[in-house]
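Please put together the full structure from these sequences, using the hints given.
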Amino acid sequence: MTRSFYFVVALLFSPGLVFGETETDPFERWNRAMFAFNQKADSYVLSPVAKGYRAITPKPVRTGVSNFFDNLGEPITAVNSVLQAKPGKAVRSLTRFIFNSTIGLFGLFDVAGAMGIEREREDLGQTLAYWGVGSGPYLVLPILGPSNLRDLGGRIGDRPLSPVDWQNEVGVTELMIA
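For what it's worth, our numbering labels the leading residue of the sequence shown as 1, then goes sequentially.
Calculated directly from the structure, the hints in this document are not laboratory data.
Virtual Cβ for every residue (Gly too), placed ideally from N, Cα, C.
Nothing false has been slipped in among the hints.
Estimated spans, in silico, between C-beta atoms of each pair:
id, residue 1, residue 2, range
1, K59, F106, 15 to 21 Å
2, G145, R62, 20 to 26 Å
3, P58, I143, 24 to 30 Å
Okay, structure coming up:
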């Protein structure tokens, strides 16, 4: 991770940035521009790609891909469950991750769901809310859509917990050694 990433995370989480509810939209110009951009991106790029993917990809493959990416979110849920003092949820999430990553072939099959261990989502935005951090102003993100400053900080803070980023870190480390 870069220093700038950690600086942004530290800035977003600093005690002086606990936002209360506001009546005005301080990012109104940005939000309107991003909303218009997202509408165009959805109409001309995202929706056609999604329709094409759906048309050429068999349902079992789509389900496997969805299961795989859902499985990658389990470590994030486990850590945030611990931070929210929900140990039972953390154990269930880790159990899902272990079963689905092994028996479920890297998460392609939701073995844990078939065993009755349902997926529960938690993220750092929810954890920050649990600990009293206000949501802050409304914010529309490019491609990602509506959010707020707390949840944006949560998305950034969740990144190091994602197995996708673990792989990227290993790859970067290997390149630096070579």
